[in-house]
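Could you build all of it, start to finish, from the sequences and the hints given here?
Protein chains: 2
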Amino acid sequence: MNAFNQLVMERRSANNFLPNNPITQRELDEIFNVVKMAPSAFNLQHTNYLVVTEDGLKEQVQKAAFGQYKVGVASAVIIVTGDKEAYKNTEKVYEGLLMLGILNQQQYDDEVQDVVSLYESRGEEFQRDEAIRNASLSSMLFMLAAKNAGWATCPMIGFEPDKIKNLLAIPDHQEPVLMIVLGKEKVESRRPRGYRKPVGEFVKYY
Amino acid sequence: MNAFNQLVMERRSANNFLPNNPITQRELDEIFNVVKMAPSAFNLQHTNYLVVTEDGLKEQVQKAAFGQYKVGVASAVIIVTGDKEAYKNTEKVYEGLLMLGILNQQQYDDEVQDVVSLYESRGEEFQRDEAIRNASLSSMLFMLAAKNAGWATCPMIGFEPDKIKNLLAIPDHQEPVLMIVLGKEKVESRRPRGYRKPVGEFVKYY
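Listed in order, the protein sequences are those of chains A and B.
Residue 15 in our numbering sits at position 15 of the first sequence; the count goes up by one each step and never skips.
Residue 25 in our numbering sits at position 25 of the second sequence; the count goes up by one each step and never skips.
Treat the hints with care, as some may be off.
Mimicking DSS-like on lysine-lysine, the simulated pairs with C-alpha atoms at most 27 Å apart in a straight line are [unchecked claim]: (1) 197(B) to 204(A); (2) 36(B) to 186(A); (3) 92(B) to 204(A); (4) 165(B) to 88(B); (5) 184(A) to 58(A); (6) 92(B) to 163(A); (7) 184(B) to 204(A); (8) 197(A) to 88(B); (9) 36(B) to 165(B); (10) 204(A) to 165(B); (11) 197(B) to 163(B); (12) 63(B) to 184(B); (13) 36(A) to 70(B); (14) 204(B) to 70(A); (15) 36(B) to 58(B); (16) 70(B) to 204(B); (17) 165(B) to 58(B); (18) 197(B) to 165(A); (19) 36(A) to 204(A); (20) 204(A) to 70(B); (21) 197(A) to 165(B); (22) 204(B) to 204(A); (23) 163(B) to 36(A); (24) 184(B) to 184(A); (25) 197(A) to 36(B); (26) 36(A) to 186(B); (27) 184(A) to 36(A); (28) 204(B) to 197(A).
What the hints contain is simulated information worked out from the structure, not anything from laboratory work.
Below, the structure written as C-alpha cells:
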C-alpha cells in the first residue's frame with residue numbers, strides 16, 4: 001500500500017496513552033513546521049495552537065475537560081483556536097507578493113480591500129464559521145503530521161471553552177475549536193476501529 | 001525528506017487547471033476510500049461529498065461561484081456538506097460495537113443516549129458548528145488523498161450556498177461547508193507559494 005494511505009489507515013483516535021513519555025518542544029516544532037503548510041482562506045492562517053505539557057496546568061485543563069483520564073495521561077494537550085479577526089492581518093499576509101512584484105501596488109490594495117470587506121460585510125457569524133473551518137482543516141493536518149512523527153492523537157470537543165479560555169488567557173477573538181491530546185498510544189486500550197459508512201453512502205455523483 | 005512531509009509540501013491550492021482531464025468515478029471512489037478514515041466526533045461521520053463532473057451542471061455551479069474560471073476548467077467540482085442532524089444516526093454507528101459484544105446492551109443504550117442528548121441539549125448553533133468542524137477535518141484529508149493520487153485541488157468559500165443547494169437539491173439539514181475544485185494543475189499559472197508565519201507566531205507553549 002502507498003505510504004500515505006498506510007499512514008491514514010494507521011492513524012486512530014487514541015483512547016489512552018502510556019504515561020511518562022514527554023515530548024520536547026523541538027519535536028513539536030518539527031510537527032508544526034509541516035502544519036504551517038495547511039491551506040487557509042485567502043492564506044489568512046487563522047489557526048493557533050496552545051500546547052500544554054506542564055503537569056500542574058495539564059491537571060487544570062483536565063478538570064476543564066470533565067476530568068477525562070486521557071487528558072491527564074497525554075504527553076501534551078493542545079487547544080486549537082481559530083482567529084475570528086484573522087482578516088485584520090491581510091496586509092501583512094499579502095506584503096510579500098507586493099515586495100516580490102507579483103502584485104503591483106494597485107492590485108495589492110485591491111486584494112487587501114476585497115478580503116477585508118468580505119469579512120466585514122459578512123459579519124460575526126461568518127468570521128466565527130471561518131475560524132472553525134480553517135482551524136479544523138489545520139487540525140487534520142496536525143493529526144497526520146503527528147502520526148507521521150510517531151505520535152498518536154485524539155481530537156476532542158468535550159471541554160468547557162470558558163474555563164479553558166480563562167486558564168490559558170485566550171483572548172475573545174480566538175475561538176477554541178478543538179482539543180487534541182497527543183501521546184504514545186496504549187494499544188491494549190484500543191477498541192476495534194469504528195464502523196465506517198461505505199463510499200456510496202456519503203458520496204453522490206452528478 | 002519523509003514521503004508524507006513531501007506530499008504536504010507539494011500540495012498547493014491550484015489557481016488553474018489544464019482543460020480536458022476527466023476523472024473517473026473509479027478514481028474518485030479510491031480517493032473517498034481513504035477519506036472515509038477521517039475522524040469525526042463520536043464517529044458520526046457528518047461529512048458528505050457531492051461531486052459534479054457533468055459539463056452542463058458544472059457550468060451552472062460555476063455561475064453560483066461568481067463565474068470563477070477555475071471552476072469551469074476543473075475536472076470535478078465538489079461540494080462538501082456537514083450534516084447538522086448526524087447525531088440522529090448514532091444508533092446505526094454504534095450498532096457494530098453492540099453486535100461484536102464490545103458494548104453490552106446497557107452500555108450501548110447509555111452511549112447512544114449520551115450522544116443524542118449532547119447534540120439536542122446544545123442546540124442548533126452547536127449542531128451547525130459540528131457540521132462545519134467535522135466536514136473541514138474530512139476536507140483536509142480529501143485534499144491530501146487527492147494529491148497523493150495525482151490530483152491538485154483548491155478549497156473555496158466563494159460561492160452562493162442557496163444557489164448551490166438549489167442546483168444539487170441539498171436538504172436543509174446539510175450545511176455547505178466548502179467547495180473543492182479538482183484537476184490537473186496548470187503549473188504555469190502558479191503564483192509563488194504564499195507567505196507562511198513562522199511556528200513561533202502561531203504556537204504557544206505552556
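Inset, instruction - Identify every previously stated hint that the structure contradicts and give their numbers, smallest first. - result: 1, 6, 11, 16, 19, 22, 23, 24, 28
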